[in-house]
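A.B. asks: The chain contents come next:
Number of protein chains: 4
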Amino acid sequence: MYRDKLLGKGSNKVLKYTSSLTSSDRAMVREVITALIAHTKSLVKHNLVPKEVGDKIIQELKELCRNPEPLFTMEAEDVHEAVEIYLRNKLGSDAGWVALGKSRNDHVAAALRLKARRELIKLLSELIELREVLLEKASKYERTLMPSFTHLQPAQVTTFAHYLLSFDEELSQYIRILKYIISEVVSESPLGAGASITTNVPLSRYELAEELGFSKLVINSLRATGSRDFIMIVSSILTCISVTLTRLAEDFIVFTTPQFNYVSVAPEFLATSSLMPHKKNLVVMEIARAWGAESIGHLVAILAIIKGLPTGYNLDLQEVNKHFIQLLEKTTETVAIVRDMLKSVKPNEESMRADIAKYPLLVTDYAELLALKLGKPYREVHELVAEVVGRSEKLSEVYEKLGELLGKSLSPEEVINKPHEGSPNPSYVRRYISKALEEVKELKEHVGKLLADDVVCST
Amino acid sequence: MYRDKLLGKGSNKVLKYTSSLTSSDRAMVREVITALIAHTKSLVKHNLVPKEVGDKIIQELKELCRNPEPLFTMEAEDVHEAVEIYLRNKLGSDAGWVALGKSRNDHVAAALRLKARRELIKLLSELIELREVLLEKASKYERTLMPSFTHLQPAQVTTFAHYLLSFDEELSQYIRILKYIISEVVSESPLGAGASITTNVPLSRYELAEELGFSKLVINSLRATGSRDFIMIVSSILTCISVTLTRLAEDFIVFTTPQFNYVSVAPEFLATSSLMPHKKNLVVMEIARAWGAESIGHLVAILAIIKGLPTGYNLDLQEVNKHFIQLLEKTTETVAIVRDMLKSVKPNEESMRADIAKYPLLVTDYAELLALKLGKPYREVHELVAEVVGRSEKLSEVYEKLGELLGKSLSPEEVINKPHEGSPNPSYVRRYISKALEEVKELKEHVGKLLADDVVCST
Amino acid sequence: MYRDKLLGKGSNKVLKYTSSLTSSDRAMVREVITALIAHTKSLVKHNLVPKEVGDKIIQELKELCRNPEPLFTMEAEDVHEAVEIYLRNKLGSDAGWVALGKSRNDHVAAALRLKARRELIKLLSELIELREVLLEKASKYERTLMPSFTHLQPAQVTTFAHYLLSFDEELSQYIRILKYIISEVVSESPLGAGASITTNVPLSRYELAEELGFSKLVINSLRATGSRDFIMIVSSILTCISVTLTRLAEDFIVFTTPQFNYVSVAPEFLATSSLMPHKKNLVVMEIARAWGAESIGHLVAILAIIKGLPTGYNLDLQEVNKHFIQLLEKTTETVAIVRDMLKSVKPNEESMRADIAKYPLLVTDYAELLALKLGKPYREVHELVAEVVGRSEKLSEVYEKLGELLGKSLSPEEVINKPHEGSPNPSYVRRYISKALEEVKELKEHVGKLLADDVVCST
Amino acid sequence: MYRDKLLGKGSNKVLKYTSSLTSSDRAMVREVITALIAHTKSLVKHNLVPKEVGDKIIQELKELCRNPEPLFTMEAEDVHEAVEIYLRNKLGSDAGWVALGKSRNDHVAAALRLKARRELIKLLSELIELREVLLEKASKYERTLMPSFTHLQPAQVTTFAHYLLSFDEELSQYIRILKYIISEVVSESPLGAGASITTNVPLSRYELAEELGFSKLVINSLRATGSRDFIMIVSSILTCISVTLTRLAEDFIVFTTPQFNYVSVAPEFLATSSLMPHKKNLVVMEIARAWGAESIGHLVAILAIIKGLPTGYNLDLQEVNKHFIQLLEKTTETVAIVRDMLKSVKPNEESMRADIAKYPLLVTDYAELLALKLGKPYREVHELVAEVVGRSEKLSEVYEKLGELLGKSLSPEEVINKPHEGSPNPSYVRRYISKALEEVKELKEHVGKLLADDVVCST
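Read top to bottom, the protein sequences are chains A, B, C and D.
My numbering numbers the first residue of the first sequence as 9 and each following residue consecutively.
My numbering numbers the first residue of the second sequence as 9 and each following residue consecutively.
My numbering numbers the first residue of the third sequence as 9 and each following residue consecutively.
My numbering numbers the first residue of the fourth sequence as 9 and each following residue consecutively.
Don't take every hint at face value.
It does not matter which identical chain is used: a pair holds within one copy or between any two.
[What the hints assert, rightly or not] Heads up, simulated BS3-like pairs for lysine-lysine below, C-alpha to C-alpha not over 27 angstroms straight-line: (1) Lys416 with Lys381; (2) Lys330 with Lys224; (3) Lys64 with Lys224; (4) Lys384 with Lys13.
These aren't lab readings, by the way, just hints derived from the structure by calculation.
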């Protein structure tokens, strides 16, 4: 509808190629409508449209917000045009009032920020639940001995709790960053920025912001309409989270091989083969691992689209949206599935104990304690112990020789009691968990408030 | 259905997370069914299933190939399972014969290769048509003078034909590579490779290959089922093509600014603003430019998924498919839209002539001819001319001084007659076009044959 | 030296392939030594090494910190081994004391975090200076009229100040995020985490942290040694900054074409051609634009390396470092060069005024004001104006007709006075600048303190 | 030197930021000089420079080709300017003759193509040697039983030979593509294309091409100077190769865990820990795995730089070079190290046999053979066997029940004799190896010829 007077009819082929209606717009249609409701309310409030017209428009938009499906049967460049066509079909030329003082450029930016905020709050919520599962499991398996690994080679003795908490701490950092981003990065309102230099229509940008629950403005109107800095930032952090989860996925794929057999996972997370009747594959973790890689791809798409664009809105930015929405939705889904799987996980203590007995996981402890006891440079002791390991045929020989030198035998149970915060030492682990649970409690309250403040289709 | 006996019921949440049915499978369902028809035919031929059962299955599959929609209403891990469920619903336990001697692993690989081949042939066809447009336009605008650019700064005098042919030659290279890839890379059959080490069922891998129009085997069954080397290769080349097209897109975006105004494009390729009534934006080229960036993202997703996967099929590979299909389909669509737009393009000769008159595009020709005439080192002449340019207030002064030194004035019309193949010299341009048209003719015949050999749902 | 007793002599070829000594280690050698000094001090303090030995080691390390060049003539797996070899050459077997209670895994993580913090502080400092230039220029060109652009097509009238401030606001957001990252993400100490589960040696992790100026611990030792979450996060934000700068670079490349001629840049930022004596190319901005793309590449390298790695240190992580260091150093360099160039920039008011006169930049203002005046739906007015634009041959006709309808003529000078914060309206621009200058002042003090606290080779 | 007359003195800071001299140029300095020698010879031949001057220049260049170090002590924008300065220092203003009829734009493109060709030939040579090792090992371990894997879970019985050959076949495909690229993609000469539209100087582009061993021209001069299609294509394929090798790397990292213990690798490819005296980490494969990820990053850098560049040379393209050179050099190095490691590999037959005995690797064979024997749909048999596996406590029970049904017991030795090419069946394996060895022989001759034709610094 926008083009006819200036450019004449469009072509279906071009529309198919350039329209965002059926690709990314569907995922944020409610946010688009919500921004438009806020805009129309403001027009009414400032007597910029006839009140009765404004009210009719608002009513239609609210209904559309509840069921936006009719929009997707239309031919339109994007959801913004589709809404206008829909309103015109309903209200005739009165619908045209809605276009006053706005542009697609400021409204799509507002919808994207609303969408981002809502999805990030969901993600936050899922991450917190994931932490709860990690902390609960860690609590339960505080003394469940397990080999630690470097280079996928057995390193020293740790506990299943210690292993799980490495992810908890990393996720707690992402949660803090997401909180920061929700309050400081995405909650800036671009509304009122017009197409590039705001508008002559005397709306209040602050009121518009407030109506959508935004705490401040993207001030500069060129930035408000033409920049996607917030998408780059959010997408980056989502990708970091997803890449972190690929490491957990990899661990569980390795740990559920029968050769390792360190953990058991509920059968619902496994799949079998159409040919091989015995297969039990941890496919959910493969999809999660792949998702990390896909995240990198979506992030690259976004960054590479934006690279080298001139200032101001360019339609290239529309193509950013589908990648961004994928990142928002699929990351949350992945966090949820990882949590569900972890809930079902049981460590196979026997297998891990067997490996602790089989591989020389105590020699480092012998070496350190020997160095402390003998008062010799560690490098010398390291070489001595390496030689013992290299020359002995059996592990029992190694431990025997080292035990002799040290004057006592070490057991896996005792070596985890390292004198350091952050070690597998159960007393430090407990301390960490107890602090973390408090943090989680506060986070849940915080998220509860954020969820309560949702403005989308809210009235 | 596969999992019940060994693993019990699955979970909807897990299925939603892991199933490919509604994401990538839809795009290659016909290829999957076609591979299954070939497989069943082979089973019948070798008396491995009862003939009447086999025939019934084939008939059902052929019908399904015509209308595969029923599959997408099912709950299944993927289209392979969905087809088996569909057949069971139709044929009861007889449907289970189809599973003999095959795995999802070899069949999904076969379907992907079929899909790749078909889409690449389409792309080839569109690229050839794009070349036709380029060559036709070049023929028409052989003597249409235009500034050449380096660093987006006016450089020397060229022609619109010369400009267009730079893309023609680059695309001709991609076409040759695609031809190579179609015949040498994707046309290898993985069928018969089973899940990882072939099967005990005495099918003929060569017959299966032939049935699907494949010219040879992926021999090693681990590679056949677990490698996606062909997807990495194809996706890379598609990305290169799309990135090349971003440069054309950028050129046209710049050339259609009123400041340049070098070309006019039919209004159907433009869009306007919902706020600013005068805007004429070349949005198709913005989408094409964004697509190049998105291609890089999809390629990264694919490569990063595959990076570090252990040998053998992993479900991570399923997630490759949607990115691959995007690349296959959207690249072709982009080539087609670029072609359509180019068809409508008219160079604005006056604007380009005006710029040629305004900017010092002839000084390099003066410098070169001066060096030849004076018998002085070019570096000296370059410095001399640079000084003249730097010190003169007006371009006419520059040309006057240089004309005096050279003993004659140069005109834009004559300087394009460089004594070199590949220059804007119209006689070389004509020679290039005439060779290229012959090449295009042969290519069209080649593609015609490829299209005629399509096996999907073909009988 | 580490390997000989267990594994025998290494191979030069393997060492060349796997050693980080001459690639990434050089850039963070001082940070490595500083961490080792802190470690040795702690050993001395807790009587874990003989005091005189510890003191000798510390003295040697301090000297090495001043001139680490000798390390790079050695054959070693990495700088950590090189330092030990160096110390052994100087102090004999006493050097071996330094190895007590530490691992390369916790020390390389500490050095990387130190390096990140230092480089980010430098970057912060450069970004602040860049803001100062932007604010100063904006102050100066508050009323310098300029076309705004969307889709690289002239949109409406704005000012050079308004244009510049769009970057200032975006950079101010990155600055806030960097501050957050410096204090909350990189300033966590991994020291004392050992190889994966801390150590039996009774050091104090908190003391070690304090010695290096870290505000808290990476608590979990598996995360401390095996995670590079902080690198992913920092690298992401650096990439966002660099991509933002590519848009500024693109603008200036376009604006310095003679067709636009909107800005002049000092000749030192231009380069010419070896062949074409007249060329003036804005090469610094091309390198800055390329750097944004390279950043994406380095970020991908980092993320793709980490994707799918099992928990614990893997040598893959060593390869992350060179990409990270590139990102840290080159982003800062780019910010500095952009600042230098901007300092030299002069807007060409005449060219911009000429374009404002030539293109229909006022029609949107006419349309908005007409809608307000006539009390008609904006969509109707938009269509009306579009028709006028479409049918008129000359811009003067357009303005005449619209002026008649509106009852007055609009001038570029007045239309910038939009009634909105964030618009080019000089009064809002001034308000923004004055707040921003206060912010910048505080930031400079903050950075001053951070710089003063640098611990590297500090004593 | 180029800039002084037009632009005045440059700035050191800008030079540091924009110069390629010490980054990428070093790696291709000899190719640059070789192209310049060819150019100068051509000038002499066509009497375009005084013969004695030309000869002196050629002599200096040849010497410089042997030792180009002096160039890197200079301040210059790039190696091209450095060479001119060097020549001027040696020959005075006579050096300036070399600049006639050329540009940096065509010469850097020529040097890059020369460099690419040379490095690809090296890579080809290393890949062939890698194939030789794979084939030799496969020959040796034709009957060495090994579990096959899907989803990293044991699947069926295969052989070590079959496993190795999956990589051989994949590499053979890459080798064919590289051969194609060497002859069809990189061996096109851009020389004579000038800065963008060739030159007025009557050189012969064909002679120049021949002098450098190029088989044809990049015809269009805009493409010749401003396109990097060949770099995108080559870089893509190098990345595919490197990503393929990450899978081999991952396999060996997993297979050398003590839990798997499937292969032994010579100690020179292992590294130990500075803290843990018993560690034996397969670090070379970790670096190779990381390299695959880094490749993706370098490829992204290249593609993202080129994305959206306007036609013609832009200095952004200079920044492509360092990523390209990394890809060329490090891929070859990685292939070489993988080959060296593989040479040292010994399969641990006992461990693999133990796993074959422990895990239900024969049930698929039972299922297939049962289906064939009983004449029942495979799906039914699959379910039956799945139930047996699911309900049995011990593997022996499973085999007993299945053996009863089948009427005979299966052994791992016999099940590998699948009736299919591409299976682990030793007779098919032998056939493959024998064909492959012939192929390798021909390839070595081919590469020998290519190596003999090297033109760089050749005379």
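A.B. asks: Does each hint hold? Answer for all of them.
C.D. replies: A quick look at each hint next to the structure:
1. Within a single copy, Lys416 and Lys381 get their C-alpha atoms as close as 11 angstroms, which meets the 27 angstroms cut-off; across copies the closest is 63 angstroms, which misses it.
2. With identical chains, the CA atoms of Lys330 and Lys224 are at most 27 angstroms apart within one copy only, with a shortest distance of 26 angstroms there and 39 angstroms across copies.
3. In this assembly of identical chains, Lys64 and Lys224 lie within 27 angstroms of each other by CA distance neither inside one copy nor across copies; the values are 29 angstroms within and 57 angstroms between.
4. In this assembly of identical chains, the alpha carbons of Lys384 and Lys13 lie at most 27 angstroms apart only when taken from different copies (17 angstroms versus 89 angstroms within one copy).
When the structure is compared with the earlier hints, a violation turns up for hint 3 alone.
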